[in-house]
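Here the protein sequences come in this chain order: A and B.
The first sequence finishes on residue 191 if you use this note's numbering, and the numbering steps up by one all the way, no holes.
The second sequence finishes on residue 411 if you use this note's numbering, and the numbering steps up by one all the way, no holes.
Treat the hints with caution; some may be incorrect.
[Claimed, not checked] Within a straight-line C-alpha distance of at most 27 angstroms, the following computed DSS-like cross-link-like pairs (lysine-lysine) qualify:
#1 94(A) <-> 183(B)
#2 14(A) <-> 183(B)
#3 402(B) <-> 16(A)
#4 151(A) <-> 402(B)
#5 248(B) <-> 402(B)
#6 248(B) <-> 279(B)
#7 183(B) <-> 139(A)
In case anyone wonders, no lab produced these hints; they're calculated from the structure.
Each chain, letter by letter, is given below.
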Amino acid sequence: MNKTKILLFIPVFVLLGWTLSVQAMISGGTKLDLPVRGYDPRDILAGHYLSVEVDYVAFPSDCKKDKETKGRERVKDREYWQKQDAFFCADEGRVSLGTPENCQVFIKGYCQYGRFHDGVSRFYIPEKMSPALERAVRNKDNNPMLRLSVTPDGRAFPTDLILQGRPFKELPVQALLSRG
Amino acid sequence: MPSISRKVSVWAEQGLISRQQADEIVAFEQNKKPFLSLFTVILFLGMFSIACGIAAIVSSNWYSIPDAVKLGGMFALLIGAGSALPVIEKKHPVVFDAGLFLLMLLFFAAIGLVGQIYHLKSDTYKAFLFWSGLAFPLLFLTKRVLFGCIWEFVFVCAVLASPLGEEFLRFVKNYFFSSPLYFSFLSLALFVVLSCVQKAELFVFPAKAGFFFTGLVFLFCSRLRFSGVHPLPIVFYVKTLFLLTATGFATFVGQYDGFSRREKQSLWIVTGIYALFFLIPLAKDTVYFSELLLLISFIFVAYTFRCEKMARVLALVTAFRILNAFFELFGSLLYTGFGLIFSGLIILGIAYGCYKADAYLKRTMEGQSHE
């Protein structure tokens, strides 16, 4: 195999390996449905996507302690604005600080400004459906949820958007518009 | 073809080439396969139309296409390109380079596609760094400097956008405002050092161009050192750094065998001028003279090294800098008729001065080459 072929195929194989590794992580992860809130910005490079965040407000969280004690007191050990390692334990349904122990399924992230951030924030959608989906996600009656695939090391990948208990692609657009 | 025949006839009449050579040149040009012929133009239009049609169908049905088909199609395209390019590498080098460029674009598309299909969120700089890693091997397959320029531009921007890059920029900003002159000298010193590197032109040329450009930019920002109060430790630190850099550069110039005595002297003179203006206290309003003197010294160095193109570029930059200073001082004159005439006369005077200086330097350099 000559030098040209080798140099041309190295990046192709690297891309292929990366894609397969992402696919393997998502396929082998634990499926988890969590409530979301979202809005719809536009990214010129990445195409149309919903910017969604899992709504961890409903879950008990150690992150909130930072916010509650903030007031006029200065928190000496950790500043409110600083990132702190945290994780969401799906078994207990709780956000805790530090590293996970005795938790089978967890999502790694950090606490900042009194909230838990898990690094999941994009879900790509068809451009034509974006206005309807944006309204549908904002409407609590649709019970919007994000289906995640969670790897054993705590990384979460969004795999589907669930509305009214079903994947959004299974719903007719009119149903979304009427509910939205 | 008529144009080459005419030119060749004129050369033969002037005695530059013989009549036989003229005929051989015309015959050679006639036998060359033209890149653009009626057939290739029609072929290109047809292929372009098909490609647009495929792109339109794919994009309008994008979300109906299963993810596996999208990924399969993308990798089929990549593998197809990787297989086809080696075949045309020797026969059609220009088409090969165009294919390499398209392959680099395909890498961008592939990264975006995988990110879209798997809903990956990542910082933009990571995507560009990943692309830089993928495209790097392709740089060894071409000699076109343009590829190196594109790759280095993307790579440097990605690194500067990273957390490490942000730290570096913060560091530069803290020290830059106390000494843009130091960064100007450092950039130009690195430009000279890289000019001594004969290999890896693909990587060296863009870096050289970048250092040359930043050297001039920092020079024109030298009045910014007078904005704000700078802590003494920083001022002392930068002065020490400058002395060390200047000493190192002067030593390198002295040791390097590739420079003639005149060339070494010209570089030492520029270093000396930088040191002079770095160490003596200048006021904000007089820093312009240091810029002008340094620009003139750059022109002198360029002519010493027989880089006429660079000397002309620098002369143009100097002329614009003079004009800029003139209009800063006398800009209000442009509102009057006499002011416009006066400004026009100044511009003509500068142009005449540049013409004379250019002719003088050329004569001087020709005289040196005969020695």
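Results for each hint:
1. 94(A) <-> 183(B): Since the Cα atoms of residue 94(A) and residue 183(B) sit roughly 46 angstroms apart, the hinted pair is violated (cutoff 27 angstroms).
2. 14(A) <-> 183(B): Holds - the C-alpha atoms of residue 183(B) and residue 14(A) are around 15 angstroms apart, at most 27 angstroms.
3. 402(B) <-> 16(A): 49 angstroms, violated
4. 151(A) <-> 402(B): 79 angstroms, violated
5. 248(B) <-> 402(B): Distance of about 25 angstroms is within 27 angstroms: holds.
6. 248(B) <-> 279(B): Roughly 25 angstroms separates the two Cα atoms, so the pair holds.
7. 183(B) <-> 139(A): 45 angstroms, violated
Hint compliance for this structure: hints 1, 3, 4, 7 are not met, and every other hint is.
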